[in-house]
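Position chain Z with the ligands relative to chain E; hints supplied.
Protein chains: 2
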Amino acid sequence: GKDKGESVQMTDPLPSWNEGANKKAIIDFVTKTTTEGSTDFIPVADRIACFDNDGTLWSEQPMYFQLTFAIDRVKAMAKDHPEWHNKEPFKALLEGDMKKVMSGGEHALLQLVAASHAGISTEAFNQNVKDWLKTATHPKTGMHYNEMVFQPMLELLQYLQSNDYKTFIVSGGGIDFMRVWAEETYHIPSHQIIGSSIKTKYEVGEDGIPKLIKLPELNFNDDKDGKPVGIHQHIGKRPVLAFGNSDGDYQMLQWTTTATGYPRLGLILHHNDAEREWAYDRQSHIGKLDKGLDDASKNGWLLVDMKQDWKQVYLKK
Amino acid sequence: GKDKGESVQMTDPLPSWNEGANKKAIIDFVTKTTTEGSTDFIPVADRIACFDNDGTLWSEQPMYFQLTFAIDRVKAMAKDHPEWHNKEPFKALLEGDMKKVMSGGEHALLQLVAASHAGISTEAFNQNVKDWLKTATHPKTGMHYNEMVFQPMLELLQYLQSNDYKTFIVSGGGIDFMRVWAEETYHIPSHQIIGSSIKTKYEVGEDGIPKLIKLPELNFNDDKDGKPVGIHQHIGKRPVLAFGNSDGDYQMLQWTTTATGYPRLGLILHHNDAEREWAYDRQSHIGKLDKGLDDASKNGWLLVDMKQDWKQVYLKK
Ligand SMILES: [Ca+2]
Ligand SMILES: [Ca+2]
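Taken in order, these protein sequences are the chains called E and Z.
The first sequence finishes on residue 317 if you use my numbering, and the numbering steps up by one all the way, no holes.
The second sequence finishes on residue 317 if you use my numbering, and the numbering steps up by one all the way, no holes.
Any given hint might turn out to be false.
One copy or two, either will do: identical chains are not told apart, so a pair holds if it fits within one copy or between any two.
In the DSBU-like style, the derived pairs of lysine-lysine whose C-alpha atoms are separated by at most 35 Å in a straight line are [to be verified]:
#, residue 1, residue 2
1, Lys-211, Lys-316
2, Lys-307, Lys-24
3, Lys-134, Lys-32
4, Lys-237, Lys-75
5, Lys-224, Lys-79
6, Lys-224, Lys-211
7, Lys-130, Lys-32
8, Lys-75, Lys-140
9, Lys-211, Lys-24
10, Lys-291, Lys-199
11, Lys-201, Lys-291
12, Lys-79, Lys-291
13, Lys-87, Lys-291
14, Lys-288, Lys-211
15, Lys-211, Lys-317
16, Lys-32, Lys-91
Don't read these hints as lab results, they were simulated from the structure.
Chain E extracted, bound-state conformation:
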């Protein structure tokens, strides 16, 4: 109606974004793809926007928050596992030697994931994540982890949602871990959250109560060339907008912006703000952005500059 149209025009949909080329490009894209009669109009059913999570919607330093959860879980469970005091990577972890834990590579990480994420029901796991979020705080900011979400990105999600875009998370992080808090935090329904997963098994106990038990076995790795696969599996359509922050998002951006028929928009968040958040790219062990930095211009992807483009970083309370 007329009232809605007027209020959309008069209110800045992205108040935490500074004026500039990137903010303008985002608003131009949403405007032209949702204006009926425009040659760039996209029907509602095809308005699919995909967002990476770690480093795109919330912070990821000094280590992925889900890994911190895994470590905290192992510490909490240690009293029931005396054998861990003589077994790596648990021994090093319990002695506080994270450098040694990390030297165990992928195998050590998988053992931590298995201990903290598997062997329990999906409902028990959800409760563990909920309890952890209530108490755990980040070593640098002192904030709860789910408060370390980016205000400008919340505004962008909201702006897209109010323009009938379906927003999806497409993360290398765990799908079950995210669903506990991301639905409420980002206003993204649980079925629009895509991530990595371990297998689950359906079991009916002697009490007749069915459960899904999480197994220590990888089901799907939603990273790099897994992201287009995950998008196809869960959505079944190519996105028109994708937003990431690392080389793990390269294929998602490529799959999105090389598709034909509609305009497409690819965006990469460049963490260059050591004062308000962190500054890292080519050399970082977490969220490494190297090839994406080289190819962004060639591929027509916008580099969002945290320092220049964002008025505010974290959630407004």
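Frame of chain E; chain Z with the ligands shown alone:
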């Protein structure tokens, strides 16, 4: 608003359902779960309804329609595969001996699926399904396959959707096969369609154009105890309503109706109408309904009686 409320009350939302206990139970359930202030009220975010497809939303006799597609594809491809004339199950298929094809069991079926569903891009596969739907007709009814959808079920989907239920398909059939036509036919977005799948691989050709290639390897079998797993993977919540037609839906119904916190509704379509559709249950090789028939009453699941409950079977044109 007031106008909407009045029109909902005055119009029968399920005109192709005969009056009776089942129609009443469905309308009572939707009414009480969507009436604010009711102790049975369910918030919109948790209004999740899951439907089996083959034999629940469309017919499945004398063989799964997707198998007919696979057979027709193999026949169409045979001129480029002279080796098939000496290799089972292709030889029997090309000679029209379906009984012999079926005697090859699961192994033979997997070979037909591999030949008809794999080795091509997802986009080429979608085009093959589209082309087939335009031309192929059912041997008994002469109808196009996507016209053999059940009018009463379309009305139920529409009724739930207009009451802010999210409707999902949870089918043993192929997710990619369904997505080509089910979004339009059922008004269910592609990301709310869950099914079985083969693996896909992301590839960027020398022309720089990325593709997802379908591989001859099972990814996920969305049947029996796979259905709760698929529901968890795609939706991340337990449904409040589930509707199936065979023992392949037993675990989905069980997972749905044993959950606590909200009212739940489980329904089974009983095919007992040889005149207008087909009559089959305990002895059928397709859509076998045996344990579900024994346990429906004990589990509080409603048996929908096609002959009694439905005024009309197929799509109104
Ligand atoms: Ca990331
Ligand atoms: Ca079925």
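*Up to 35 Å CA-CA - Lys-140 versus Lys-75, copy category*: within (20 Å within a copy, 65 Å between copies)
*For Lys-201 vs Lys-291, is the C-alpha pair at or below 35 Å within one copy, between two copies, both, or neither?*
between (38 Å within a copy, 21 Å between copies)
*Pop the pair Lys-224 and Lys-211 into one bin, within, between, both or neither, using alpha-carbon distances up to 35 Å.*
The answer is both: 32 Å in one copy and 14 Å across copies each meet 35 Å.
*Between Lys-79 and Lys-291, at a C-alpha cutoff of 35 Å, which is it: within one copy, between copies, both, or neither?*
For Lys-79 and Lys-291, the Cα distance exceeds 35 Å both inside one copy (44 Å) and across copies (45 Å).
_Homo-oligomer pair classification [Lys-32, Lys-130; C-alpha up to 35 Å]_ = between (40 Å within a copy, 30 Å between copies)
*Can you give me the call for Lys-291 and Lys-199, within, between, both or neither, at a CA distance of at most 35 Å?*
This pair counts as both: shortest intra-copy Cα distance 32 Å, inter-copy 27 Å.
_Intra- versus inter-subunit Cα pairing at 35 Å for Lys-288 with Lys-211_ = Result: close only across copies, 25 Å inter versus 38 Å intra.
*Can you give me the call for Lys-134 and Lys-32, within, between, both or neither, at a CA distance of at most 35 Å?*
between (42 Å within a copy, 34 Å between copies)
*With 35 Å as the alpha-carbon cut-off, assign the pair Lys-87 and Lys-291 to within, between, both or neither.*
Classified as neither: same-chain Cα gap 38 Å, cross-chain 47 Å, threshold 35 Å.
*Intra- versus inter-copy proximity for Lys-316 and Lys-211 (alpha-carbon distance at most 35 Å)*: So Lys-211 and Lys-316 fail the 35 Å test inside a copy (38 Å) and across (41 Å) alike.
*How do Lys-307 and Lys-24 come out at 35 Å by Cα distance, when the copy is not named: within, between, both, or neither?*
within (17 Å within a copy, 60 Å between copies)
*Using 35 Å as the alpha carbon limit, work out where Lys-211 and Lys-24 are close: within a copy, between copies, both or neither.*
between (49 Å within a copy, 31 Å between copies)
In summary, the numbered hints that this structure violates are 1, 5, 12, 13, 15, 16.
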